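Engineer: Chains as they are written, first to last, in our numbering: chain X, 17 to 219; chain C, 17 to 219; chain G, 424 to 756; chain F, 424 to 756.
Think of the hints as simulated: they come from the structure by calculation, not from any bench. What you are looking at is a predicted structure, and each value in this text was computed from that prediction instead of being measured. For glycine and all other residues, C-beta sits at the position ideal for the given N, C-alpha and C. A hint or two may mislead.
[Stated by the list, open to error] Ranges between beta-carbon positions, derived for each pair:
# : chain 1 : residue 1 : chain 2 : residue 2 : range
1 : F       : Gly664    : G       : Arg707    : 31 to 41 Å
2 : X       : Ser36     : G       : Arg456    : 50 to 60 Å
3 : X       : Lys157    : G       : Arg456    : 46 to 56 Å
4 : X       : Lys109    : G       : Gly624    : 52 to 62 Å
5 : G       : Met756    : F       : Thr518    : 26 to 36 Å
[What the hints assert, rightly or not] Result set (DMTMM-like, lysine to aspartate or glutamate): computed pairs, CA atoms no more than 25 Å apart in a straight line:
#  : chain 1 : residue 1 : chain 2 : residue 2
6  : G       : Lys625    : F       : Asp656
7  : C       : Lys109    : C       : Glu40
8  : F       : Lys625    : C       : Asp63
9  : C       : Lys109    : F       : Asp507
10 : X       : Lys21     : X       : Glu40
11 : G       : Lys708    : F       : Asp507
12 : F       : Lys425    : G       : Glu736
13 : G       : Lys425    : F       : Asp507
14 : G       : Lys425    : F       : Glu634
15 : C       : Lys109    : F       : Asp440
16 : F       : Lys425    : G       : Glu654
[Stated by the list, open to error] Partial chain F-side listing against chain G, Cβ under 10 Å, derived:
#  : residue
17 : Ala444
18 : Glu654
19 : Gly686
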Amino acid sequence: MSSEKELRLAMLTAVAQTISRHAEELTQLDQAIGDGDHGINMKRGFDAVMADSAGLVEKPWPEFLKGVGMTLVMKVGGASGPLFGTLFMTLGKELPGNPCAGDVAGALEAAIQAVQARGKSEAGQKTMLDVLVPVAAQLRKDALALTDLVTVAAAAAEATGPMKAIRGRASFLGDRSIGHVDPGARSSALMVAAVVGAVKGES
Amino acid sequence: MSSEKELRLAMLTAVAQTISRHAEELTQLDQAIGDGDHGINMKRGFDAVMADSAGLVEKPWPEFLKGVGMTLVMKVGGASGPLFGTLFMTLGKELPGNPCAGDVAGALEAAIQAVQARGKSEAGQKTMLDVLVPVAAQLRKDALALTDLVTVAAAAAEATGPMKAIRGRASFLGDRSIGHVDPGARSSALMVAAVVGAVKGES
Amino acid sequence: MKKLINAVENVLSESLDGFAAAHADIVTLGDERKFVQRRSLKKGKVALVSGGGSGHEPLHAGFVGHGMLDAACPGQVFTSPTPDQMVAAAQAVDTGGGVLFIVKNYEGDVMNFAMGAEMAADMGVAKVATVITDDDVAVEKSTYSIGRRGVAGTMIVERLVGAAAEQGRDLAALESYGKDVNARTRSMGVALTSCTVPAAGKPTFTLGEDEMEMGVGIHGEPGRRRVKLAEADAIAAEMMGAILDDLAPKAGQQVLLLVNGFGGTPAMELYLMCNAARRILAGRKLLAARCLVGSYVTSLEMAGCSLTVSLVEDADLALWDQPVHTAALRWGM
Amino acid sequence: MKKLINAVENVLSESLDGFAAAHADIVTLGDERKFVQRRSLKKGKVALVSGGGSGHEPLHAGFVGHGMLDAACPGQVFTSPTPDQMVAAAQAVDTGGGVLFIVKNYEGDVMNFAMGAEMAADMGVAKVATVITDDDVAVEKSTYSIGRRGVAGTMIVERLVGAAAEQGRDLAALESYGKDVNARTRSMGVALTSCTVPAAGKPTFTLGEDEMEMGVGIHGEPGRRRVKLAEADAIAAEMMGAILDDLAPKAGQQVLLLVNGFGGTPAMELYLMCNAARRILAGRKLLAARCLVGSYVTSLEMAGCSLTVSLVEDADLALWDQPVHTAALRWGM
Ligand SMILES: Nc1ncnc2c1ncn2[C@@H]1O[C@H](COP(=O)(O)OP(=O)(O)O)[C@@H](O)[C@H]1O
Ligand SMILES: Nc1ncnc2c1ncn2[C@@H]1O[C@H](COP(=O)(O)OP(=O)(O)O)[C@@H](O)[C@H]1O
Ligand SMILES: [Mg+2]
Ligand SMILES: [Mg+2]
Ligand SMILES: [Mg+2]
Ligand SMILES: [Mg+2]
Chain X
17 MSSEKELRLA
27 MLTAVAQTIS
37 RHAEELTQLD
47 QAIGDGDHGI
57 NMKRGFDAVM
67 ADSAGLVEKP
77 WPEFLKGVGM
87 TLVMKVGGAS
97 GPLFGTLFMT
107 LGKELPGNPC
117 AGDVAGALEA
127 AIQAVQARGK
137 SEAGQKTMLD
147 VLVPVAAQLR
157 KDALALTDLV
167 TVAAAAAEAT
177 GPMKAIRGRA
187 SFLGDRSIGH
197 VDPGARSSAL
207 MVAAVVGAVK
217 GES
Chain C
17 MSSEKELRLA
27 MLTAVAQTIS
37 RHAEELTQLD
47 QAIGDGDHGI
57 NMKRGFDAVM
67 ADSAGLVEKP
77 WPEFLKGVGM
87 TLVMKVGGAS
97 GPLFGTLFMT
107 LGKELPGNPC
117 AGDVAGALEA
127 AIQAVQARGK
137 SEAGQKTMLD
147 VLVPVAAQLR
157 KDALALTDLV
167 TVAAAAAEAT
177 GPMKAIRGRA
187 SFLGDRSIGH
197 VDPGARSSAL
207 MVAAVVGAVK
217 GES
Chain G
424 MKKLINAVEN
434 VLSESLDGFA
444 AAHADIVTLG
454 DERKFVQRRS
464 LKKGKVALVS
474 GGGSGHEPLH
484 AGFVGHGMLD
494 AACPGQVFTS
504 PTPDQMVAAA
514 QAVDTGGGVL
524 FIVKNYEGDV
534 MNFAMGAEMA
544 ADMGVAKVAT
554 VITDDDVAVE
564 KSTYSIGRRG
574 VAGTMIVERL
584 VGAAAEQGRD
594 LAALESYGKD
604 VNARTRSMGV
614 ALTSCTVPAA
624 GKPTFTLGED
634 EMEMGVGIHG
644 EPGRRRVKLA
654 EADAIAAEMM
664 GAILDDLAPK
674 AGQQVLLLVN
684 GFGGTPAMEL
694 YLMCNAARRI
704 LAGRKLLAAR
714 CLVGSYVTSL
724 EMAGCSLTVS
734 LVEDADLALW
744 DQPVHTAALR
754 WGM
Chain F
424 MKKLINAVEN
434 VLSESLDGFA
444 AAHADIVTLG
454 DERKFVQRRS
464 LKKGKVALVS
474 GGGSGHEPLH
484 AGFVGHGMLD
494 AACPGQVFTS
504 PTPDQMVAAA
514 QAVDTGGGVL
524 FIVKNYEGDV
534 MNFAMGAEMA
544 ADMGVAKVAT
554 VITDDDVAVE
564 KSTYSIGRRG
574 VAGTMIVERL
584 VGAAAEQGRD
594 LAALESYGKD
604 VNARTRSMGV
614 ALTSCTVPAA
624 GKPTFTLGED
634 EMEMGVGIHG
644 EPGRRRVKLA
654 EADAIAAEMM
664 GAILDDLAPK
674 AGQQVLLLVN
684 GFGGTPAMEL
694 YLMCNAARRI
704 LAGRKLLAAR
714 CLVGSYVTSL
724 EMAGCSLTVS
734 LVEDADLALW
744 DQPVHTAALR
754 WGM
């Protein structure tokens with residue numbers, strides 16, 4: 017149990033750190049095709065999560081994830097706040113108290129459903145979903161091939177570059193959104209890499 | 017009489033042209049220690065004078081000069097409008113119908129008095145008066161040494177550079193006004209040179 | 424970045440404190456600065472709540488007061504507020520008549536207000552309805568997008584619905600009136616310079632010395648196209664053309680014209696644009712029944728402006744002219 | 424130069440046309456656009472006439488209307504109007520009570536208004552008196568200069584004297600009240616960027632990315648010194664320090680605080696400065712009885728702001744609160 021708690025703290029810390037380190041990059045991506053706040057938003061959210069981390073990591077996985085999601089909803093704002101918030105909250109709702117690797121794909125699929133419902137969106141529209149969906153598919157295929165997961169996520173984020181945005185602020189640009197990586201896709205890939213790193217015990 | 021009329025037209029044209037040609041320079045001088053409109057103001061005034069020139073030059077010298085002064089008052093605005101306007105109007109009041117060279121120094125001295133009264137100012141305060149006063153003195157010394165007049169005027173304008181402004185917008189700057197030529201002094205010197213050029217028959 | 428600020432993190436809170444102090448006769452600030460609310464509420468009146476990212480001042484907090492909003496939820500700069508803010512605001516200003524959310528059409532705002540409405544319902548705030556504004560014709564309407572952005576026309580919706588709410592209309596009537604006003608309101612903007620989000624520290628976009636962004640959004644989002652700087656008349660013609668082609672009003676129609684500055688454009692230029700826009704209206708035989716000129720829906724210090732046209736009838740004008748008493752719009756009281 | 428204009432020569436006239444059209448309920452434009460006047464005059468009331476270079480909008484035309492000015496004479500951008508304008512305005516609005524000129528202390532304005540007063544007297548406009556405003560503490564007072572500049576405090580004089588005129592006070596009483604209010608009013612400004620006079624086509628001055636002009640004038644005139652950009656609190660402390668040292672008010676004194684934007688500074692920053700200034704007032708035990716925040720006396724699109732403090736008594740506040748109905752300031756009607 018204590019090692020589970022350490023794992024939660026390691027995951028949270030890794031995600032918060034990667035967001036913080038890449039905040040400027042995310043903001044720059046958002047300046048190109050959005051309103052230039054994605055890095056700032058995500059950093060504000062995960063700073064708030066980290067401020068509560070001591071209490072959060074004490075909780076079992078479902079409550080832990082719901083707590084993270086709720087904090088993101090209340091602190092991130094913008095489009096990404098409700099969406100990542102919904103993602104984490106639904107993961108918390110779906111996962112059992114003592115989840116094993118095999119539980120994750122199903123929970124993530126449900127969480128993606130919830131994000132799609134909230135965002136009236138689906139994969140192919142140049143959003144975070146273009147990373148989340150292939151990541152869920154890869155998990156479903158092989159829940160233990162962690163390195164592949166990182167590769168899939170990174171490639172999926174890159175692949176949003178040539179896409180035309182149909183959801184998110186970038187959609188206002190029409191064809192002018194083509195040629196830029198989606199900020200929410202990039203932050204999703206960064207989070208996947210951080211979580212995998214934490215699971216593998218890297219720091 | 018007709019040659020007098022031509023002289024009036026030549027003078028007017030020469031003054032208007034020099035102001036127009038140097039408008040940007042005068043504005044730049046005013047940007048350094050004022051509000052950046054002296055060239056624009058003077059050009060607007062003399063453009064208006066030139067628009068009326070056909071009628072104005074028909075009039076004898078006193079009415080001609082009063083007319084020029086009145087137009088400047090109504091069109092230039094700012095500090096230079098009332099001052100140059102007063103200068104020309106008073107010249108018109110003071111000069112006889114058929115002035116000779118010897119009449120000019122006295123008329124200019126009276127006009128300078130009027131400018132000083134209007135501006136609550138005197139030579140030594142980094143203004144147009146620092147050109148007008150030495151020009152009047154030189155005229156008093158030798159009314160026919162036209163080239164000297166131009167030299168005196170140009171040197172007097174230059175000499176306002178090291179002065180500290182006590183009147184005009186530049187006075188707000190205190191010591192920071194030092195090191196810049198006064199725009200009104202420069203425009204005065206330009207007008208003196210233009211008038212002399214017209215009298216000497218240059219074009 | 425050149426701004427009159429202390430620390431980037433405190434821009435919003437210090438600004439809200441200054442706002443609340445300067446307008447203490449009209450507004451109070453909610454707990455944790457979650458919302459700005461009207462000082463005196465009217466029992467049973469439908470409460471109007473709006474909000475959105477900050478940086479568009481006076482929208483929305485500047486429109487809290489008699490005849491307009493009951494509360495406004497300020498988000499971080501250019502970032503939608505969070506659902507807890509809407510919940511807190513709704514709870515504070517609901518006096519039994521229900522709550523109408525007025526939301527600009529951005530996914531962030533729409534989703535956060537939607538979550539706020541759900542949470543408010545869970546927590547027992549009687550009824551919540553929502554009007555979404557989407558007046559920006561710069562974005563082509565299409566089923567393959569999230570639709571148009573809500574821009575300056577939002578304040579016209581807030582004003583007219585606010586006046587109607589003051590007269591005691593019920594929630595359903597106000598919701599449908601708000602949608603109706605929004606449907607008759609179109610805007611388009613142009614930017615001459617970018618704005619700088621304080622936390623980002625550098626301009627959102629870069630324009631050449633001879634370029635402008637035609638159809639810009641109020642967060643500095645790129646517009647229809649980046650073009651060479653043009654004369655005011657040509658700019659007005661393009662914007663009014665897009666607006667009027669979309670609205671397709673009949674000759675003789677009364678309109679409300681809003682010439683809105685984005686924050687960095689002086690009144691002198693706005694009035695010049697007003698003059699240009701009015702000539703175009705006259706050319707199409709449209710009657711500018713009311714005309715509002717000023718920086719009402721801004722993008723920080725962005726230079727540029729938007730034009731908004733609302734098709735109005737006498738009944739709308741009568742509402743428009745009712746007393747209003749907010750920080751940024753005031754007449755009749 | 425990036426501006427919403429057509430031709431440089433027509434900026435003023437097109438802008439005035441737009442202004443007059445947008446506010447046709449309040450003002451009319453005089454012949455040859457020599458002045459903007461109040462639509463309805465009050466027989467026997469002393470007429471208040473102000474004016475000055477354009478580019479400071481809404482000052483002065485935006486303050487024409489009930490409770491403030493009867494007419495405003497707009498000069499070219501940053502250039503005093505000419506005497507014929509003052510004469511025409513005085514003739515148009517004098518209804519027998521005489522005319523009070525309110526003039527900012529710049530030699531151009533003072534001389535042109537003086538010539539205007541002389542000509543008006545020659546032409547039989549009954550009585551003309553003049554109040555000169557000089558509230559800018561950035562300029563040290565000295566017998567070796569023309570004295571202080573008139574800046575944002577001018578609008579406070581226009582407002583209070585305007586309200587007093589509405590109550591029927593005579594010319595001499597208003598002249599002395601105006602001088603009195605001016606004597607109790609002090610301002611200081613700071614610029615973060617320059618402005619560009621349309622006809623000049625380039626910025627009046629240049630500041631480094633990390634510099635500001637402390638004590639700037641409202642035409643972008645250099646101020647006390649050019650310094651490194653500082654935090655809002657430090658800027659407010661320097662400006663309020665200079666103002667309050669000069670006014671030397673007693674603890675417990677009521678004051679009116681004006682936080683004035685120069686045209687390119689968004690409301691968010693002005694309210695933040697308001698918050699900073701109010702903290703300083705509170706620290707000196709001064710009571711901010713009224714607080715006005717907005718871009719009222721501008722320098723085209725210059726970024727920056729000024730702070731103005733007026734020492735006021737209950738009688739001044741009662742006048743301040745009287746109804747006013749102008750394009751830029753309106754309450755109570
Ligand atoms: N409807 C949507 N569905 C899924 N993801 C979305 C949607 N709208 C936006 N996003 C994601 O959110 C990201 C933008 O987040 P952020 O910049 O924080 O919010 P905002 O756009 O409100 O400023 C986009 O890059 C995109 O990945
Ligand atoms: N009181 C004064 N007496 C004499 N000359 C003055 C006075 N005030 C200003 N000037 C002259 O006027 C010039 C400025 O003219 P201008 O720029 O057209 O007006 P403004 O200063 O009102 O913008 C100064 O350079 C100076 O020579
Ligand atoms: Mg964003
Ligand atoms: Mg000048
Ligand atoms: Mg955003
Ligand atoms: Mg000037």
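Engineer: Determine which of the earlier numbered hints do not hold for this structure and return their numbers in increasing order.
Structural biologist: 1, 2, 4, 7, 10, 11, 12, 13 and 15
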